[in-house]
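Enquirer: Sequence order for the protein chains is A and B.
So that you can map any letter, position 240 of the first sequence is 268 in our numbering, and since no number is skipped, the others follow by simple counting.
So that you can map any letter, position 202 of the second sequence is 213 in our numbering, and since no number is skipped, the others follow by simple counting.
Treat the hints as calculated values from the structure; they're not laboratory data.
Hints are not guaranteed to be accurate.
No more than 25 angstroms apart at the CA atoms, straight line, and that leaves these computed lysine to any residue pairs for SDA-like [stated by the list, open to error]:
id, chain 1, residue 1, chain 2, residue 2
1, A, LYS212, A, GLU195
2, A, LYS171, B, ALA153
3, A, LYS212, B, ALA63
4, A, LYS212, A, GLU276
5, A, LYS171, B, GLY190
6, A, LYS171, B, GLY236
7, B, LYS73, A, THR75
8, A, LYS171, B, ILE146
9, A, LYS171, B, GLN134
10, A, LYS123, B, LEU125
11, B, LYS73, A, VAL204
12, A, LYS212, B, LEU234
13, A, LYS212, B, GLN139
14, B, LYS73, A, GLY111
15, B, LYS73, A, LYS212
16, A, LYS212, B, VAL122
17, A, LYS123, B, GLY145
18, A, LYS212, B, GLN134
19, A, LYS171, B, GLY254
20, A, LYS212, B, GLY145
21, A, LYS171, B, LEU234
22, A, LYS212, B, THR151
23, A, LYS123, B, ILE129
24, A, LYS212, B, LEU125
25, A, LYS212, A, GLY111
26, A, LYS212, B, GLN147
27, A, LYS212, A, LEU201
28, A, LYS123, B, LEU136
29, B, LYS73, A, GLU177
30, A, LYS212, B, VAL237
31, A, LYS123, B, GLN147
Away from chain A, derived, C-beta distances all over 10 angstroms, residues of chain B [unchecked claim]:
id, residue
32, PHE32
33, ALA49
34, LEU50
35, LEU52
36, ARG169
37, LEU229
38, SER267
All C-beta atoms, glycine included, are put in the ideal place defined by N, C-alpha and C.
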Amino acid sequence: MITLPRLRKRLLLLFVFLSYGTLACQPVTASQTNTQSATIFAAASLTESFRELEMLFEETHPNVDIVLNFASSNTLRAQIENGAPADVFASANMKEMDALIESGIVAVDAARPFLHNRLVIITPAENIANLTTFEDLSRADLKLVLAAEEVPIGRYTRQMLANAGTEFSERVLANVVSNESNVKQVVAKIQLGEADAGIVYASDTVAVPELVVIEIPAEYNVLATYPIAPLTDSPPAHAFVSFILSPEGQAVLEKWRFTPVQ
Amino acid sequence: MSTLRIYFKHLTSDTHTNWIFVLPGLLLLALFGIPLLALILQATQTSFIEHALAREAVAALKLSLVTSLLSVGIALILGTPLAYALARWQFAGKKVVEMLVDLPVVLPPAVAGLALLIAFGRQGLVGQFFVHIGIQLPFTSAAVVIAQTFVAAPLYIRAARIGFADIDSQLEEAAYVEGANQWQLFSAVMFPMAGRALTSGAILTWTRALGEFGATILFAGNLEGVTQTMPLAIYLGFERNLGVAIALSVVLVGFSAALLTLARVIEKE
Numbered sequence: 029m030i031t032l033p034r035l036r037k038r039l040l041l042l043f044v045f046l047s048y049g050t051l052a053c054q055p056v057t058a059s060q061t062n063t064q065s066a067t068i069f070a071a072a073s074l075t076e077s078f079r080e081l082e083m084l085f086e087e088t089h090p091n092v093d094i095v096l097n098f099a100s101s102n103t104l105r106a107q108i109e110n111g112a113p114a115d116v117f118a119s120a121n122m123k124e125m126d127a128l129i130e131s132g133i134v135a136v137d138a139a140r141p142f143l144h145n146r147l148v149i150i151t152p153a154e155n156i157a158n159l160t161t162f163e164d165l166s167r168a169d170l171k172l173v174l175a176a177e178e179v180p181i182g183r184y185t186r187q188m189l190a191n192a193g194t195e196f197s198e199r200v201l202a203n204v205v206s207n208e209s210n211v212k213q214v215v216a217k218i219q220l221g222e223a224d225a226g227i228v229y230a231s232d233t234v235a236v237p238e239l240v241v242i243e244i245p246a247e248y249n250v251l252a253t254y255p256i257a258p259l260t261d262s263p264p265a266h267a268f269v270s271f272i273l274s275p276e277g278q279a280v281l282e283k284w285r286f287t288p289v290q
Numbered sequence: 012m013s014t015l016r017i018y019f020k021h022l023t024s025d026t027h028t029n030w031i032f033v034l035p036g037l038l039l040l041a042l043f044g045i046p047l048l049a050l051i052l053q054a055t056q057t058s059f060i061e062h063a064l065a066r067e068a069v070a071a072l073k074l075s076l077v078t079s080l081l082s083v084g085i086a087l088i089l090g091t092p093l094a095y096a097l098a099r100w101q102f103a104g105k106k107v108v109e110m111l112v113d114l115p116v117v118l119p120p121a122v123a124g125l126a127l128l129i130a131f132g133r134q135g136l137v138g139q140f141f142v143h144i145g146i147q148l149p150f151t152s153a154a155v156v157i158a159q160t161f162v163a164a165p166l167y168i169r170a171a172r173i174g175f176a177d178i179d180s181q182l183e184e185a186a187y188v189e190g191a192n193q194w195q196l197f198s199a200v201m202f203p204m205a206g207r208a209l210t211s212g213a214i215l216t217w218t219r220a221l222g223e224f225g226a227t228i229l230f231a232g233n234l235e236g237v238t239q240t241m242p243l244a245i246y247l248g249f250e251r252n253l254g255v256a257i258a259l260s261v262v263l264v265g266f267s268a269a270l271l272t273l274a275r276v277i278e279k280e
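Start from the sequences, fold in the hints, and give me the full structure.
Expert: Structure representation (C-alpha cells):
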C-alpha cells in the first residue's frame, strides 16, 4: 500500500526527472544550430595558461565552445590512441607526439612546437644560503635537491649542468642531497625550506610565488619543447591552434612563465 | 545451537560443498601468489645474480640492513618499557597513549613522511632548534631510521604489550611476596616469560622497517648510499634498470618470507 508521504516523494521524483529532461534538451538543440565545439587534450602543466587562452578565444569566437581536458601527456596519448574524441593534442614532450605520428593519428607535418619550458633555480623565501647567481650552485656548503635522473626534468638538469662544463657539473652534483621522484617533490622540499636550492621548470614556480627564482644563463639552459597538433578537420580546432601560435596567444603563455617560440 | 553444530559438521564432511570454501579462497590466494610468481619468473629470465650485485643494488641492500636493524634496536630499547607499562599499569591518559601508539600503523606513509618533515625538518616545529646545535635530519641516514621507527616500532609495542599482558598475574604476586622490586620482577620474571612474543614482535618490526617507502622518500629523500633504501631503489629503478628493480624485489620478498617464517616458528615453539 502506498502511503501519502511515499506518494508525494514519488511525484517529486517524477517531477525532477521531467524537468531535468526538458532542461537538458534545450542546450543540445541550441548547440546544434549555433555553437561548434572543439575538445583540447593538453598536458597538466598547461592547466592555468590554457584556461586563460580558452576564455580569451571564446570572447572573440562566441559560437565556439572550447572543451579542455588535462592529464599527463602519456595518459592523454593513450586516451587518444584508444579513440577519445579529441580535436587538438598539446603535449609536454615530443615523445608522446611522435608516438601519435608513428601510429598515423597525427599527420607528419601537423605537429608544431608552440612553447618552451626552461629550467630555473629556486630557493626558499628566506634564501638562507644567500644564493644569487648560477655559479653559486657549485659552492661547497650548499644543499641541493634535484629531480632524479630517471624523470625527464632530471635528465634535462644534468644535460644543462654538463653544458656549463664537466668540472662545474661535478662540483654541483656533489652538493645534491636528494634525487626526488618528480619535479613537484623538488618544489615541495624547497617550499618547506629543507634544502638551499632546487632546479625546476619555470612554469612550476607560478603556483608558489614566495620562492626566489634565479635564471640559468641561456647558453647553458635546456629547453623542454611542447608540440601541438590538430587531430581532426574541425575549423574551430584549427582556429584555436592558430590563436595559440599568434603573438596574443604567445603573450599569455609567457605570462605563465613559459618561453615563447620564435 | 545443536542445529548449528550439525550444519558445520555437514559442511566439513560433505565434499560436494567444500568448493564453497575452497574456490573463493583460491581466487584470493591466486591474487597474492601470481604476482610473486611473475616476479620470480621474470628474475630468472634476466641475469639475476649480476643485477643483484649491481653497485646501486648492493648500496641499497647494505643501507636497508643497517637502518632497519637500528630501527629494531630503538624499538626494543625504548618500546619494551612502554609496552610493559601499557600492559601492567593503569594510569591517567592510558587510552590516549594507546591510541598514539596504534596510529602510525594505520596512517598512510605519505602522511607520516609529511608530518615528520614539518616536525623535524630544517624549519620544522622541533627541527629548527636542532639546527642551532648543528643537527640537520632531512636527507641523512638518521632520517631513514626515524621514518622506519615511526612506522614500524608500533608493531613491536603492540606484540610486546600482548606478551606482557598474557603472563599469569599470580607469578607477579609471587615475585612481590618474595620481595622483588619492579626491576627484578621485570628482568627475572616478565622479560623471560614474554621472550617469545618480544622476539616475534621484533621480527615483524624488522620486516616492516625493511619495506618502509613512503615516509622515507618524503622525509629522508633519495640519495644512493645515504637514504636510498631497497624500496626506493626499486621504485626509482623502474626507468633506469628494470633488472635491478626486479632483482632487489625478489631479494626483499625472499628475506621477508624467511623472517615471517622465523616469527611463526618462534610463536609456535
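Enquirer: Decide, hint by hint, whether the structure agrees.
Expert: Here is what the structure says about each hint:
{"no.": "1", "hint": "A:LYS212 with A:GLU195", "result": "28 angstroms, violated"}
{"no.": "2", "hint": "A:LYS171 with B:ALA153", "result": "17 angstroms, holds"}
{"no.": "3", "hint": "A:LYS212 with B:ALA63", "result": "31 angstroms, violated"}
{"no.": "4", "hint": "A:LYS212 with A:GLU276", "result": "29 angstroms, violated"}
{"no.": "5", "hint": "A:LYS171 with B:GLY190", "result": "58 angstroms, violated"}
{"no.": "6", "hint": "A:LYS171 with B:GLY236", "result": "17 angstroms, holds"}
{"no.": "7", "hint": "B:LYS73 with A:THR75", "result": "43 angstroms, violated"}
{"no.": "8", "hint": "A:LYS171 with B:ILE146", "result": "14 angstroms, holds"}
{"no.": "9", "hint": "A:LYS171 with B:GLN134", "result": "14 angstroms, holds"}
{"no.": "10", "hint": "A:LYS123 with B:LEU125", "result": "33 angstroms, violated"}
{"no.": "11", "hint": "B:LYS73 with A:VAL204", "result": "21 angstroms, holds"}
{"no.": "12", "hint": "A:LYS212 with B:LEU234", "result": "17 angstroms, holds"}
{"no.": "13", "hint": "A:LYS212 with B:GLN139", "result": "24 angstroms, holds"}
{"no.": "14", "hint": "B:LYS73 with A:GLY111", "result": "48 angstroms, violated"}
{"no.": "15", "hint": "B:LYS73 with A:LYS212", "result": "29 angstroms, violated"}
{"no.": "16", "hint": "A:LYS212 with B:VAL122", "result": "16 angstroms, holds"}
{"no.": "17", "hint": "A:LYS123 with B:GLY145", "result": "46 angstroms, violated"}
{"no.": "18", "hint": "A:LYS212 with B:GLN134", "result": "19 angstroms, holds"}
{"no.": "19", "hint": "A:LYS171 with B:GLY254", "result": "31 angstroms, violated"}
{"no.": "20", "hint": "A:LYS212 with B:GLY145", "result": "28 angstroms, violated"}
{"no.": "21", "hint": "A:LYS171 with B:LEU234", "result": "12 angstroms, holds"}
{"no.": "22", "hint": "A:LYS212 with B:THR151", "result": "21 angstroms, holds"}
{"no.": "23", "hint": "A:LYS123 with B:ILE129", "result": "37 angstroms, violated"}
{"no.": "24", "hint": "A:LYS212 with B:LEU125", "result": "14 angstroms, holds"}
{"no.": "25", "hint": "A:LYS212 with A:GLY111", "result": "30 angstroms, violated"}
{"no.": "26", "hint": "A:LYS212 with B:GLN147", "result": "22 angstroms, holds"}
{"no.": "27", "hint": "A:LYS212 with A:LEU201", "result": "20 angstroms, holds"}
{"no.": "28", "hint": "A:LYS123 with B:LEU136", "result": "44 angstroms, violated"}
{"no.": "29", "hint": "B:LYS73 with A:GLU177", "result": "22 angstroms, holds"}
{"no.": "30", "hint": "A:LYS212 with B:VAL237", "result": "22 angstroms, holds"}
{"no.": "31", "hint": "A:LYS123 with B:GLN147", "result": "40 angstroms, violated"}
{"no.": "32", "hint": "PHE32", "result": "40 angstroms, holds"}
{"no.": "33", "hint": "ALA49", "result": "22 angstroms, holds"}
{"no.": "34", "hint": "LEU50", "result": "20 angstroms, holds"}
{"no.": "35", "hint": "LEU52", "result": "25 angstroms, holds"}
{"no.": "36", "hint": "ARG169", "result": "31 angstroms, holds"}
{"no.": "37", "hint": "LEU229", "result": "8 angstroms, violated"}
{"no.": "38", "hint": "SER267", "result": "23 angstroms, holds"}
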